[in-house]
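J.: Letter by letter, the chains look like this.
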Amino acid sequence: MTSDNRTVVVTGIGAFTPLGADAASTWEGLVAGRSGVSPLEDEWAADLPVRIAARTAVDPAEVLPRPLARKLDRSAQFALIAAREAWADAGFTTPATEDGSPIAPERLGAVVASGIGGVTTLLDQYDVLKEKGVRRVSPHTVPMLMPNSPAANVGLEVGARAGVHTPVSACASGAEAIGYAIEMIRTGRADVVVAGGTEAAVHPLPIAAFANMMAMSKNNEHPQQASRPYDKARDGFVLGEGAGVVVLESAEHAAARGARVYCEAVGQGLSSDAHHIAQPEPTGAGVARAIEQLLESTDVNPAEVVHVNAHATSTPQGDTAEIKALRRVLGDHLDHIAISATKSMTGHLLGGAGGIETVATVLALHHRTAPPTINVDDLDPEVDADIVVGEPRALPAEGSITALNNSFGFGGHNVVLAFRTV
Amino acid sequence: MATQEEILEGLAEIVNEIAGIPAEDVQLDKSFTDDLDVDSLSMVEVVVAAEERFDVKIPDDEVKNLKTVGDAVNYIVANS
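Protein chains in written order, with this note's numbering: chain A, 1 to 422; chain B, 423 to 502.
Because the hints were derived from the structure by calculation, they are not lab data. Heads up, the beta-carbon is just placed ideally off N, CA and C, and yes, glycines get one too. Warning: the hint list may mix true and false statements.
Stated by the list, open to error - Footprint (simulated), chain A over chain B, 3 or more residues, beta carbon under 8 Å:
#1 461-475
#2 489-501
Said to hold, decoys possible - 30 Å max Cα-Cα, derived DSS-like pairs, lysine-lysine:
#3 A:K132 / B:K486
#4 A:K132 / B:K489
#5 A:K218 / A:K232
#6 B:K479 / A:K130
#7 A:K130 / B:K486
#8 B:K479 / B:K452
#9 A:K132 / A:K218
#10 B:K489 / B:K452
#11 B:K452 / B:K486
#12 B:K479 / A:K132
#13 B:K489 / B:K479
#14 A:K232 / A:K324
This is chain B alone, in the form it adopts within the complex (with noise of 0.2 Å):
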């Protein structure tokens, strides 16, 4: 199972990958959307993209209460 600081590190990657923000910039206490550039859209690639990534699964009423990324790790390491 993934520590913590690798899904953080993964996380960042996708994020990269789909909003373009810098890997280093993607930290626990940031909003997807206020501060990632992530909207609700991209939102559901990034959900996607994690749920393979760590083989689990984020069931789409889940996805609104992931607003920062600390939410989504935490969310990962406890349901994968």
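For reference, chain A alone in the conformation it holds in the complex (with noise of 0.2 Å):
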């Protein structure tokens, strides 16, 4: 490989969300089919349209020290518990600013993404300023809010000077940080990236806000079968919150230290709509764009792709949208393909989705088994392809596999990741 292509892989993974406070047992979750939706008993939530949301299994205050946490938004605690559990899980044990560290910190960079950032940073800060005055809004505020925080605080943590980056792109966020990281090792900017999605959003106002775009499903009477992707009833996402997060490497550098691979990060392929503010374009034109654009930069063939980890949100549009968009590009091969909807138990984690859902798909290379998607009771008919329902499914048990993990935003913004075993 030259310089300018370098092999990367996934070394390490971590994950705080709705089924629980890391990879092994959000994974766990997802085999077994569980809901992570739950009703909102806060007395804030009693007036709002939707009632019902997919919080994360454990107080991220149980498990940050609370002079840390009172500094950080929960967005930010978040991606700090995933990106600590990924930068472990791939045999790293001191930040790279300390000596006898095996990366450089020059050669470490750090890639987390949100959607929205600090929102519930901002907005209960405002409620300070309002009740309390201006003396008492926290210095911290805008370190907190702003949307980079999640990166620079992982950063921090891990010691890193190769870069640390912010891409924003609404719902792809997470898988956008992720395709950034590993440009930035294939270009050889950096040796080891650490990368994924976060989002903490649960609060009136982006509930409201999205509520009355009709984007939420209101079904507040059954929380766990609210999502339901693919479902002839779904009416909406169910908003998530968490944090996903890998550790990439360049394939040498990882090789080097002899650190355990799981999988190859292959590469993405990125596309924009340029068709309306918030919806999805109906024909797929822009998500097949996005999966050509992965086929035209990258040595992925559609005959070894077996697993694909679907955006379906759950939105009576988008998720027909994408599967119109998967048969265009991929036609008969998409009869071979086992596909999940995580989301159906997980909620939508907006940016953070890209995060939890490349740790979803690098397991499932792993561990060869494509999670189910639960709540599928009457198949769309439009839906022309191969869902996993109900219980996971074994992927070929031999020889190397390949799995895209899809992610979309509203702006239009279309980004497919490819993984491969290794």
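Two chains, two separate frames, one set of hints: put the complex together.
T.: Spelled out as structure tokens, the structure:
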């Protein structure tokens, strides 16, 4: 490999999600088909049209020491916890800035994204301003609410000096962060990058706003059945929160330090719809273009793809547009591809989705198992594809297999990531 | 009016709350920045909390002179 086209692998994973406080418990929840959605019992939720969400299984305050937690927005708390897990999982025991670290800080990056940033900090501090006055507004407000805060805090934690970045593209943000990180390594800017997505937007204002867009499920009576991608009765997404983070590394660097390798991070395909600020392009043309771009820019062959972790948020239009796009580009190959919509269990983590769904995709390859899609009681006949319904499904036990992870965002952003067993 | 001892005790509670330092480690000779893990942003929190607790005004210009816990105690004693 030349220095501008290096192979990238995944050497660490971490997750803090509605299904568990780490990647292992999240994966257990996914293969068990467990829903992370519950009713919002908070007083502030009483008058909202949507009173359900997929909150993290564990309160981050139980994990992080208070003096640290109070200086971090909830989204950065999630990212930091997931990043610590991924960093340790990759075999690193100290920040890169310490003597004896196997990675130089100048060769280490961090790319962590969120769709909305520190929105709860912003709104809570505005309440403080109105109710208690100027002097009481926290001096930590700006570093907490800025959207690059999770990336910056993860970068501080691991000692990253090759670059800390935050691509923002609504619900595609987490995937775009991982794609950006792959490129940093592929082109030689860094040897190791900690990358992922996080979101913490369970607050009355974002919920009211999304609900007024008619984007969210209002199935308050049956929280665990509300997120139902591909089912005929789907009526919108369920808001989730949490983070998923991976450690990406050049194959060469990973081999030199004897790191365990989960899979190859082959590359990304990107496109944009130029259609509408929030509606998905109904024919799936933009999504199709992103998949085509992946196939053009990497050595991925449609015949080797056995699994797709779909974007599938449980909205009437989006779920079918994505399937149309997959069919358009992959043709008959789609018939041997097991498609999973893990948002049926985790809810939609917005900018965190690409993070935890990358962790899910990496583990699907690692365990050669596609997680189920739950709540598909009546499959929409427009979904012309092989959906993994109800139970997990074994992927081919032999040979190299490849999986895709799709993420799309308001604004018309389309990101497709490809991973392959090694 | 609070005594010097009461002010030290109050500041120790505030520093514990904000920086997580054990209250017994907050002594008059300790530097907020070097010994107690209170950076410039957290120092603003300490000041605002101290103002409320001891009913005193600590102007922004004065904060930079409060290097040690003793500096803060003396300022509060003299101005409350």
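J.: Which numbered hints does this structure break?
T.: Checked against the structure, the hints that fail are numbers 2 and 9, while the rest are satisfied.
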